[in-house]
Each structure stands twice: as structure tokens, then as C-alpha cells.
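**Q** So the chains spell out like this:
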Amino acid sequence: MIELPTLGWQSIVILVVFGVSLLIATYCTYAERVIAAFLQDRVGPDRAGPFGLLQPLADAVKLFTKEEFFPAGANKALFIMGPCLAMITALMSSAVIPFGNVIQFGNNVFNLQGIEVNIGMLWVFGIVSLGVYGVMIGGWASNNKFSLLGAIRAGSQNISYELAMGMALIAVLMISGTLSLREITLQQSQAGEWHFWNIVKQPLGFIIFLVCAFAETNRTPFDLPECETELVGGYHTEYSSMKMGLYLFAEYVNVFVASAVMSVLYFGGFNFPFQYELRDWLVSAQSWELMSAQNLISVLGLLGLFGKIFAFIFFFMWVRWTLPRFRYDQLMRLGWTILIPLAIFNILLTGGLILGGIIK
Amino acid sequence: MQSLSNRAKKLEAKPMTLAERAYLPAIFQGLSITMRHFFRAATKKQVTVRYPEEQRPFSPIFRGLHVLKRDEVGRERCTACGLCAVACPAEAITMVAGERKKGEENLYREEKYAVSYEVNMLRCIFCGLCEEACPKAAVYLQPDKMAPPRFERDEFIYGKDRLVEPVDPNARSIRGIQLTPEQAHALSQKTSQQLS
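Chains as they are written, first to last, in this note's numbering: chain P, 1 to 360; chain W, 361 to 556.
Away from chain P, derived, C-beta distances all over 10 angstroms, residues of chain W:
id, residue
1, L364
2, R367
3, E380
4, P417
5, A447
6, N466
7, E470
8, F486
9, K496
10, P509
11, F511
12, E515
13, F516
Covered, in the sense of this in silico footprint (three residues per stretch, anywhere, with C-beta under 8 angstroms from a C-beta of chain P), are these stretches of chain W:
id, stretch
14, 385-393
15, 407-416
It should be emphasised that the hints constitute simulated quantities derived from the structure, not laboratory data.
Please read all numbers here as calculations on a predicted model, not as lab measurements.
Quick reminder that beta carbons are idealized off the backbone N, C-alpha and C, glycines included.
Sequences and hints are given; from them, build the entire structure.
**A** Here it is as C-alpha cells:
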């Protein structure tokens, strides 16, 4: 039986996470354009508001006022369902991400996490796998060859890279012994051992996970489902108005979630260097209460996690405007003949190191 | 066959080294290049000109919007001879000639003048042949003004109301001949301002 206060707090957190995901996705569109412009010695959008900060609003107004187009012969229900599914699945996966440690006021403990489930990692993977349905259904329902090709590419690409991604994850799970994202985060914060983030133990696994994250979010160099040079617009060729906007939004929410998951799994989540030293110093030298010192650490950790997430989002965009797109056979070869064997090797290596007692 | 210039290089496809096949070093190289550009764009002044707020300086020999000049006492120089219209390869110029009446000697320099003088800026190719054809040094293409974009086509047909230069010499364009000393002074100052 879940008590009402907890439920209330959880729903608030989930609403906030929902809003924050959308806000970040909105400003990702702006950041994408500005970063792209800077990387290419351009200026980027700077007309709407100071530094063009109102550009996402202008884009939203444009998308909402565009004509809603239904292609002839399209399955209308599925055609609408596609972008909705893409958006829903993208937003659902951020519910289990621990954005911060607990905040305590007296006896009230507030958890800065939507839902704490002990299979958090499985939840994220399950939802992310569902995400491809939005793309598949949308591409299929469009009654367009290019859309269908994009959808098929999305399907096979996601399946191929999920394997390597899962195997890279298994190595992390061998170290942590739990699927709960919160537990994984807390394990990376042994007092005095701030540097033992999982990236130190799993450098190869991280690279595999990162590459697969690019493929899972359909970002360049693996954006073959869209692939505007070959497939017009890929799976969203026939989409217009806000349905198109939902697809674009879902991509950015996915980037946000992938960044958050990578930060949590490999970069210590809400832990930051010297947090325990800072807390002890506050308690001993500044004579703070332990509780408020801990709360301060939690808030700083929350900001730190968002810093990591933004760094990853920036990396996603940086790579997008640097690397050319893979060819489809190259993509498949990379996935099946390089990443999966590497991931298996990484599992064996991790197992050997655990047996040898070098990492734990 | 030996090459004629002896500069031909023989290229061989070498097998890729391990670093090249691993692809990651090349990725980092590319990322560092784009990052350099990122910081250059973020710190240095960009080459982009934000047009309505800042404008690129015009070249001193730029051929822009037409002007019908006045002479040193403010009379219109044009005598409606039609040579500009004949010279115009785009047939952009039309005019109607009229005879100067008594009492209009302070308005028009010659006995014949242009009652209407129209340039269609959508036809005009800004070649400057009208300027060369004019025997009265009346029509010039200004180096500091452009025909601005408009919403209606008929707004591009410039009549005398928009072509004849103002009587005030300070408000005039910098190109022209036979100026009064004051006009010459004012215009040379304007020129030095624009060129500096």
C-alpha cells in the first residue's frame, strides 16, 4: 500500500521531470542550431528575442499553424499513433532516472526521483525498445516507399545496436550487482573513493554504450532512418505540422534520456568529486547541521548531474556536425562484427578482472 | 607512357593501418577541428554581417539607384532627349518631354524638360549605360543607395518624385559633376566619411 504523501511527492517529481524533459528538448532545438552554426563559423538564430532565445517558441507557433496533411491511402489511426507513441515512450523512460539524492526536512524524506524501481535499468531498456514502434508505425502508415524504408532501417538498426548496448550494460551490472539506477549511482560514491565512477572500470563498455546510444537515438552518424540525402525525410517524410514536431521532439527527449542514462551508469550520476569532504567540512568547520549539509550536497549533485547531461547533449550535437553519415552496410557491419564481439570481450574481461579481484 | 610534364605522381592504394581502420583517431581529429571552429566562432568576431542592423560598406564605384541631378542653382538638368532610353539595354526608362513655360527658368535648365521620367527598377540591370549616354550629365547611378525590396510591382516604377535629387545639397548623393563650391565641400566631406 503506497501512502498518499509519497504518492503526492512522486507525482510532483514526475510532473517536474516531464516538464523539464520537454523544456530541455525545446531548447535542444535552439542549442542544436546555435552549436551547428558555431561549428561551421556561422551565427545561428539570433532574431527572436535576445540571442534568439525565443526561437523555439517561434518554431512551435510555426509547427502548430502548419497544415495537417494526411497522405492518400494512409492509415489514419496509425498515422496519428506513430508520433504519439514516439513521444510517449521517449518521455516515459525519464521517470526512473535518479536526478538527485534525498532531501530531508525533519522526518520528511523527499526522493529526487520519479519512481524508484529495483529494475530501473530494465525499465529504461524496455521503454527505449518500444520507442522504435513509433517510428515503425509512422513510417508504415504513411503509405510511402521512402517512409517505409526509413522505418525498416530504424527497426533493424535499433535491434542490432540494442544487442551491443545490452551487453555493454551487462558488464556494468556484473560490477554493481543490481538493476536499480539509484543503487548503481550510490555504489559510485563510496566515501573517499569519488574517482571510482564506472567509467574508470568500464572504459571499453562506455565507448560501446556511447556508440550504441547514438544509434538508438537515431542521431548522426547513425541517422539512417531519416537520412535526408537518400530517403527525402525518412520515416517522417509525409508528416507535417505538430506530428512532425512530435517526432523531432521525441528525438531530443531521447537524446536527453540517453545522456542521463550514460551519466548515471558511467559518470557517477548525482555524485561529484569531494562531496563527502565538502559535507564534513561544512559540518565541522562551518558548524552546519548534518541534515542541511546533506541537502546542500543533494542540490549540488542535482545540478552536477544536469551539467553532465548537458555535456553529453553537447557531445551528441558536436558529433552530429562533425561526422558524415555511415552507409547502411557499414552501419550493420560495425554493429554486428565489431561492437557485439567487443561487448562480449568486454564481458569476459570484466569477469576476469572481478575474478582476479582487480575491480569489484 | 611517360607523362608530358613529368609531374605526374604515381599513387598506390596502401592498405590501411590499424589506427586508420579503428576509425576512432580520425573521429577525434575531426572533433578537434570542429571544436577549434566552435571556439573561434564563440570568441572572435564573426564574418557574418547582421544585415538590417549593420551594413557592408558600398564600393565607391557601386551602381545603385538612379538619380536625376540638379545644376548648381538647383535647376533640373534633364532635357528629355531620350538618349538614356535609347541606350538602355533593358528598356527600363520611359519619359515624356515638355516645353518650358515662361517663369519656369529657375526650375528647368533647358527649354525642353522631362514632364515625366520613369525607371522600372525591375527591368533595370544597373549597367550604367544611361549614365554614359547622358549629354547633360543629368542621370547617375548612386553609389550609396539601392532599390529596396517592395511588396507591389508598380512600386518599383520610380517616377520623378523619387528620382530627382533634393534641392538641399547636403541631402544629395555623392556622385555628380559641376557642383557649387559649397556642394563640393559638403560632398567631399560626405565621401571621406563614407570611405573612412
